[in-house]
Amino acid sequence: MDGPSDPLSPEITPEETFLNRRFFLKAGIWAGSTLATAGLYQTFKPAPAVKNTGREIGTVAEPPLPGAIAVGETPNRFEDIAGYNNFYEFSTNKSAVASRAQSLQTTPWTLQVGGLVEHPLSLSLEDILGFEAVQRIYRFRCVEGWSMVIPWVGFPLAKLLSLAVPTDQATHVAFESYYDRQQMPHSLFAGIAFPYLEGLRLDEALHPLTLMATGLYGKTLPNQNGAPVRLVVPWKYGFKSIKSVVKITLTDHQPTTTWNRANAREYGFYSNVNPTVNHPRWSQAYERRIGETDLRPTLMFNGYADQVAHLYTGMNLRQNF
Amino acid sequence: MNTLSADSQFHRQLILVNGLLPAALLVFDGWRGSLGANPVEFVTRTTGVVALFFLLLALAVTPLRQLYGWTWLLKQRRLLGLYAFFYALAHLWTYILGDRGGQLSTIAADIARRPFITLGMLSFACMVPLALTSSQAMIKQLGPKRWRQLHRLTYVVAIGGVIHYAMIVKSDLTYPALFAMVLTLLLGYRLRQVWQRG
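Chains as they are written, first to last, in our numbering: chain L, 1 to 321; chain A, 1 to 198.
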């Protein structure tokens, strides 16, 4: 008896081999599917590689300045400040920015100050780090509803502007971030146009609390926090504090700003922290301090009302949000 | 000796384990404190995305069955739907307890004033009757035809869920757009069938 049904025929896989093969197939599917699921989970949660590898920056003590050191606040951990960032040139996922931003080249660097000034400046990284640095501990409130306390190192923008000497016509200051698509390939998915632009009124820019930050926790800025030099305006939503600045231009008109251009209904030019004016899609009355579980009420001008409210007297803050 | 595609016990185990895995990883990461700087935001986003994922998987069953003859998938469809419900429920609870700190008044205000919250709540509300009628006994009680009609609500839930997702992002629509694309394909496939029949 010779036929396909012959159990001894060599074409027929013996039951043992068949079960064995089945076992390996199943094991393979198990391994493959669980790895894929776990991998998918991981893509939403990229591991932030954050170590404070910056160089030390020496700071000098400054005369007492109200608001310079946030009273009764504990700074957030370095790994949170440097591991949870909005820097859309690199990623819109806040925990993915830290690793992606490692591609940013900060040497050489040139910061240009121009426009309506008597003395246009072109500053190298050495020039920027050569400014006498002070320490400021500021609250930082993101428009998304979270906040941190950050120990910055830097110098007042007013100091830089006093060297350039704004002309009488100057009313506003425009800022521009560094942009290089080669170093920022994911910027294509951000949904906003680059280079990133920001702006302040001249009196806001000259306010003693307005800082050009070059470091945090006593060391030079990590790339993801806006190395080598960024703006910090503590009473405004975080997106006003433009990162990795290459150009500062004095103007006689309100400059174009990135988020205002992207969505004027949601992001105003001023964007002062204001718990009574909600974002069209969410409330601004409360905030989540990173590291805390309970919500905190958001403070007017982020708690800097005593220092900055006079800049806006007589203004309708609901219209000029 | 049954083939692998007929081994429905294996399929069930596979989906059960892979479905629980994201939740287990979230719990594990929470336990070892590695949910990132803003755990509430991360858990909210992850549970929401996983819920949408399972919704789309459940909706993909019929097209896959008809196009590739994967009839074995049908037996697992209700489990996929239940996982979507499970993650949507986790998403909702994270929002209520974590994001809003359990303050019911702010939640009510959110539902009334924030269209994306309203839409999310409505989509979730539509899932409740589907989850409640997911048992074999309920199919019998309703009758298969009425049960299928009721469960077409899944499309409404998925559309609402994807729009809800698109409405919360600030500018990067990559992920919502991917979900929307897949959903459009699935919905288009079914609609074409309806037109061809009628």
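No lab work stands behind these hints: they were computed from the structure. Honestly, I wouldn't trust all of these hints.
[As the list claims (entries may be wrong)] To give a feel for the contact side, a few chain L residues facing chain A, derived at Cβ under 10 angstroms: (1) 84; (2) 91; (3) 203; (4) 278.
[As the list claims (entries may be wrong)] Distance condition first, Cα-Cα at most 25 angstroms in a straight line; then the derived PhoX-like pairs of lysine-lysine: (5) A:170 / L:45; (6) L:219 / L:51; (7) A:145 / L:26; (8) L:247 / L:159; (9) A:75 / A:170.
Glycine included, every Cβ here is placed at the ideal spot set by N, Cα and C.
How the hints compare with the structure:
no.	hint	in the structure
1	84	holds, 3 angstroms
2	91	holds, 9 angstroms
3	203	violated, 29 angstroms
4	278	holds, 8 angstroms
5	A:170 / L:45	holds, 19 angstroms
6	L:219 / L:51	holds, 11 angstroms
7	A:145 / L:26	violated, 35 angstroms
8	L:247 / L:159	holds, 16 angstroms
9	A:75 / A:170	violated, 39 angstroms
Hints 3, 7 and 9 from the list above are not met by this structure, while the remaining hints are.
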